[in-house]
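Trainee: From just these sequences and the hints, can you work out the full model?
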Amino acid sequence: MSYTLAVHGGAGTIRRTQMTTEQEAAHHDALRLALNAGTAVLSEGGTAVDAVARAVTVLENAPCFNAGRGAVFTHDGRHEMDASIMCGRTLEAGAVALVEHLKNPVLLARAVMEQSPYVFLSGPGAMAFARELGLPEASPDYFFTPLRHEQLQQARAAKKIQLDHSDKFGTVGAVALDLHGNLAAATSTGGLTNKQFGRIGDSAVIGAGNYANNRTCAVSCTGFGEYYLRGVVAYDVSCLMEYAGLSLQQAAERVILEKQLALGGDGGLIAVDAQGQVALPFNSEGMYRGWARAGAPPVTAIYEAE
Amino acid sequence: MRTLRYLILALPLWLASCGGPQPDNSAGGQQAPAAERPAYAMAIHGGAGTILRENITPEQEAEIKAALNAALDIGEEVLRSGGSSRDAVEQAIMYLEDSPLFNAGKGAVFTHEGKNELDASIMDGLTLEAGAVGGLRQVKNPIRAARAVLENSPHVLLTGAGAEQFAIEQGIDTVSSSYFFTQSRWDALQRAKASADQKTGALETPADYKFGTVGCVALDQEGNITAGTSTGGMTNKRYNRFGDVPVIGAGTYADNASCGVSCTGHGEFFIRYAVAHDLHALMSYQGMALSDAADHIIFSKLKPAGGGGGLIAVDKNGNIAMPFNTPGMYRGYVRPDGRYVGLYAEEE
Numbered sequence: 001m002s003y004t005l006a007v008h009g010g011a012g013t014i015r016r017t018q019m020t021t022e023q024e025a026a027h028h029d030a031l032r033l034a035l036n037a038g039t040a041v042l043s044e045g046g047t048a049v050d051a052v053a054r055a056v057t058v059l060e061n062a063p064c065f066n067a068g069r070g071a072v073f074t075h076d077g078r079h080e081m082d083a084s085i086m087c088g089r090t091l092e093a094g095a096v097a098l099v100e101h102l103k104n105p106v107l108l109a110r111a112v113m114e115q116s117p118y119v120f121l122s123g124p125g126a127m128a129f130a131r132e133l134g135l136p137e138a139s140p141d142y143f144f145t146p147l148r149h150e151q152l153q154q155a156r157a158a159k160k161i162q163l164d165h166s167d168k169f170g171t172v173g174a175v176a177l178d179l180h181g182n183l184a185a186a187t188s189t190g191g192l193t194n195k196q197f198g199r200i201g202d203s204a205v206i207g208a209g210n211y212a213n214n215r216t217c218a219v220s221c222t223g224f225g226e227y228y229l230r231g232v233v234a235y236d237v238s239c240l241m242e243y244a245g246l247s248l249q250q251a252a253e254r255v256i257l258e259k260q261l262a263l264g265g266d267g268g269l270i271a272v273d274a275q276g277q278v279a280l281p282f283n284s285e286g287m288y289r290g291w292a293r294a295g296a297p298p299v300t301a302i303y304e305a306e
Numbered sequence: 001m002r003t004l005r006y007l008i009l010a011l012p013l014w015l016a017s018c019g020g021p022q023p024d025n026s027a028g029g030q031q032a033p034a035a036e037r038p039a040y041a042m043a044i045h046g047g048a049g050t051i052l053r054e055n056i057t058p059e060q061e062a063e064i065k066a067a068l069n070a071a072l073d074i075g076e077e078v079l080r081s082g083g084s085s086r087d088a089v090e091q092a093i094m095y096l097e098d099s100p101l102f103n104a105g106k107g108a109v110f111t112h113e114g115k116n117e118l119d120a121s122i123m124d125g126l127t128l129e130a131g132a133v134g135g136l137r138q139v140k141n142p143i144r145a146a147r148a149v150l151e152n153s154p155h156v157l158l159t160g161a162g163a164e165q166f167a168i169e170q171g172i173d174t175v176s177s178s179y180f181f182t183q184s185r186w187d188a189l190q191r192a193k194a195s196a197d198q199k200t201g202a203l204e205t206p207a208d209y210k211f212g213t214v215g216c217v218a219l220d221q222e223g224n225i226t227a228g229t230s231t232g233g234m235t236n237k238r239y240n241r242f243g244d245v246p247v248i249g250a251g252t253y254a255d256n257a258s259c260g261v262s263c264t265g266h267g268e269f270f271i272r273y274a275v276a277h278d279l280h281a282l283m284s285y286q287g288m289a290l291s292d293a294a295d296h297i298i299f300s301k302l303k304p305a306g307g308g309g310g311l312i313a314v315d316k317n318g319n320i321a322m323p324f325n326t327p328g329m330y331r332g333y334v335r336p337d338g339r340y341v342g343l344y345a346e347e348e
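Protein chains in written order, with UniProt numbering: chain F, 1 to 306; chain D, 1 to 348.
Read the hints as simulated data drawn from the structure, not as lab findings. Incorrect hints may have been included.
[Said to hold, decoys possible] Below, computed lysine to any residue pairings styled on SDA-like, alpha-carbon distance capped at 25 angstroms: (1) F:K103 - F:D50; (2) D:K316 - F:A244; (3) D:K316 - F:E242; (4) D:K115 - F:A128; (5) D:K115 - D:A192; (6) D:K115 - F:L133; (7) D:K303 - F:Q115; (8) F:K159 - D:I168; (9) D:K115 - D:S177; (10) F:K259 - D:E129; (11) D:K303 - D:T50; (12) D:K301 - F:N214; (13) D:K316 - D:D87; (14) F:K159 - D:A161; (15) D:K301 - F:N182; (16) D:K301 - F:A274; (17) F:K159 - D:N152; (18) D:K65 - D:A188; (19) D:K193 - F:L133; (20) D:K303 - F:N214; (21) D:K140 - F:Q196; (22) F:K259 - D:P154; (23) D:K140 - D:T182; (24) D:K301 - F:H180; (25) D:K316 - F:E258; (26) F:K259 - D:S153; (27) F:K159 - D:Q170; (28) D:K193 - D:G114; (29) D:K301 - F:Q115; (30) D:K316 - D:E222; (31) F:K159 - F:E100; (32) D:K193 - F:Q115; (33) D:K140 - D:A66; (34) F:K103 - F:G46; (35) F:K103 - F:H75; (36) D:K301 - F:P117; (37) D:K140 - D:E151; (38) D:K193 - F:E132; (39) D:K303 - F:L91; (40) D:K316 - D:S300.
Source: prediction; values computed, not measured.
Mentor: Set out below in structure tokens:
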């Protein structure tokens, strides 16, 4: 038995011509840091849940992705973040939505899974739970990045919610198979620029943006969240494997390249199955992604056909 | 290989239907196969849980059955006159929300802080469009807000004060919080608080528990399926908790290619098992019949895991399934060939 880890930093319109060499390097570095953090856990015999939580924490701390530090702004100029985590061995899960000021939403999702009788907490209530646990918070300055602020001004001026794919989505996630044969998945996001009305996307929804089951696979999604909610995308990959007998690659491609494309849902997903196979399909122009296995150097990629 | 897997899955169901060790709530009114596709079909529920004949007076039973029948009347009238399954589902659920007998709208349970936080969702099986709301405190009929999200917003799930603002902008009726109050739900909160571990809140499902969610699934004359669900959630819930009801794929799902589903039960389990979507997937990918797939999920997956509850479902051919693994579930269905309303497991 070997271990496998895959991570993503969002899918969307990522064009080579619009990225500077420095920006490219920063994204590759952040993905590699996340892979290193996760594989450090896995190579020592740590659990898949620990590994995905560690990897996503690193991605949340990186300002270049839309999660934790660097999260996009809401219509009101705030950061409302969603995250979820699921253990493939127990099918236990935790999710939080619309949390503010919290440095690492994925750690609150994990606490919901492990230290509460609930699966899905939101808003001020979720933050009250985070404060009881003493999870680290930060001031709005910590989450601020000039790029995201500029995107909010543009979206406000155009009076639109950023749903037109002109920007990459930037959600982060990780999926892992540990040395004990257990799978886990974690996902975290700042959601959509200029969002309002307490909107929640797929990242906080078990089955839609995040799912893990030792019988099949672990999945973390990134994309146009509303379509992923309607398609119950992450669990659908698992269902196609378990019920239709598809391989991981077939199931992941069926969902992203056929079903979501037909529905209109731009984006992609990362997935690992119980044998350590990895699938990373996306129907957008690019997806920040990476994967690592025991005994091989980690690989990171941004554009198609890399 | 695929056939083999199907046989393995089907075996426990076959044993159960032969009077095996598993309680078989799939008898009687829980299944209604249709010989050929009827003009319309509709099923409703008013929640599953510890619903026992000895705890309910004949008067209460008559009252509950009258309310279920009234909701069926409303939905059937829409469907019979050629209306859409979306209208039928919304109107039947609005009636159940307005009734203080069920945990949705008026009569919703109280949170730990003594408030009502209402969740609802609706999904269209033709377009796979969906709308859901979570944590509403003033909207009189949350199912209307869920429908407005589906029809008039680019989003699927809106929550909290923001969702309420959206509903108000949509011209949906709001009420003061006292509208939702019922003495029995208030007393239930006091009992839950007294018995719960003070540190963690009401964490275990009490032995005596009713998941009073309401829901409706309808197949209209055009062959379109809609599913909707509405709830006040769990008594004594904390931290702005959501259950399965606002989660598309967990508490509600609809696809004209397979079926529509509305769930009621211990929401956390229904989220983890993505129950409503699972029924669709078992039918679509494994070719299971509606009642086999529904029984498999409720009895072979949820029950061993500890997930109490049930579901109602209508498939594209007008077949109906209403399995539950609790002692009872308020439920009913109507088709041109007949009608059924029941509360307990053993009811014919």
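Trainee: For each hint, tell me whether it holds in the structure or not.
Mentor: Now the hints, each set against the structure:
| no. | hint | verdict |
| --- | --- | --- |
| 1 | F:K103 - F:D50 | holds (17 angstroms) |
| 2 | D:K316 - F:A244 | holds (20 angstroms) |
| 3 | D:K316 - F:E242 | holds (23 angstroms) |
| 4 | D:K115 - F:A128 | holds (16 angstroms) |
| 5 | D:K115 - D:A192 | holds (14 angstroms) |
| 6 | D:K115 - F:L133 | holds (24 angstroms) |
| 7 | D:K303 - F:Q115 | holds (23 angstroms) |
| 8 | F:K159 - D:I168 | holds (20 angstroms) |
| 9 | D:K115 - D:S177 | holds (8 angstroms) |
| 10 | F:K259 - D:E129 | holds (14 angstroms) |
| 11 | D:K303 - D:T50 | holds (14 angstroms) |
| 12 | D:K301 - F:N214 | holds (15 angstroms) |
| 13 | D:K316 - D:D87 | holds (18 angstroms) |
| 14 | F:K159 - D:A161 | holds (21 angstroms) |
| 15 | D:K301 - F:N182 | holds (20 angstroms) |
| 16 | D:K301 - F:A274 | holds (20 angstroms) |
| 17 | F:K159 - D:N152 | holds (16 angstroms) |
| 18 | D:K65 - D:A188 | holds (22 angstroms) |
| 19 | D:K193 - F:L133 | holds (21 angstroms) |
| 20 | D:K303 - F:N214 | holds (19 angstroms) |
| 21 | D:K140 - F:Q196 | holds (22 angstroms) |
| 22 | F:K259 - D:P154 | holds (19 angstroms) |
| 23 | D:K140 - D:T182 | holds (15 angstroms) |
| 24 | D:K301 - F:H180 | holds (24 angstroms) |
| 25 | D:K316 - F:E258 | holds (23 angstroms) |
| 26 | F:K259 - D:S153 | holds (22 angstroms) |
| 27 | F:K159 - D:Q170 | holds (18 angstroms) |
| 28 | D:K193 - D:G114 | holds (11 angstroms) |
| 29 | D:K301 - F:Q115 | holds (24 angstroms) |
| 30 | D:K316 - D:E222 | holds (11 angstroms) |
| 31 | F:K159 - F:E100 | holds (24 angstroms) |
| 32 | D:K193 - F:Q115 | holds (19 angstroms) |
| 33 | D:K140 - D:A66 | holds (22 angstroms) |
| 34 | F:K103 - F:G46 | holds (24 angstroms) |
| 35 | F:K103 - F:H75 | holds (20 angstroms) |
| 36 | D:K301 - F:P117 | holds (19 angstroms) |
| 37 | D:K140 - D:E151 | holds (19 angstroms) |
| 38 | D:K193 - F:E132 | holds (19 angstroms) |
| 39 | D:K303 - F:L91 | holds (14 angstroms) |
| 40 | D:K316 - D:S300 | holds (24 angstroms) |
Violated hints for the displayed structure: none, as all numbered hints are satisfied.
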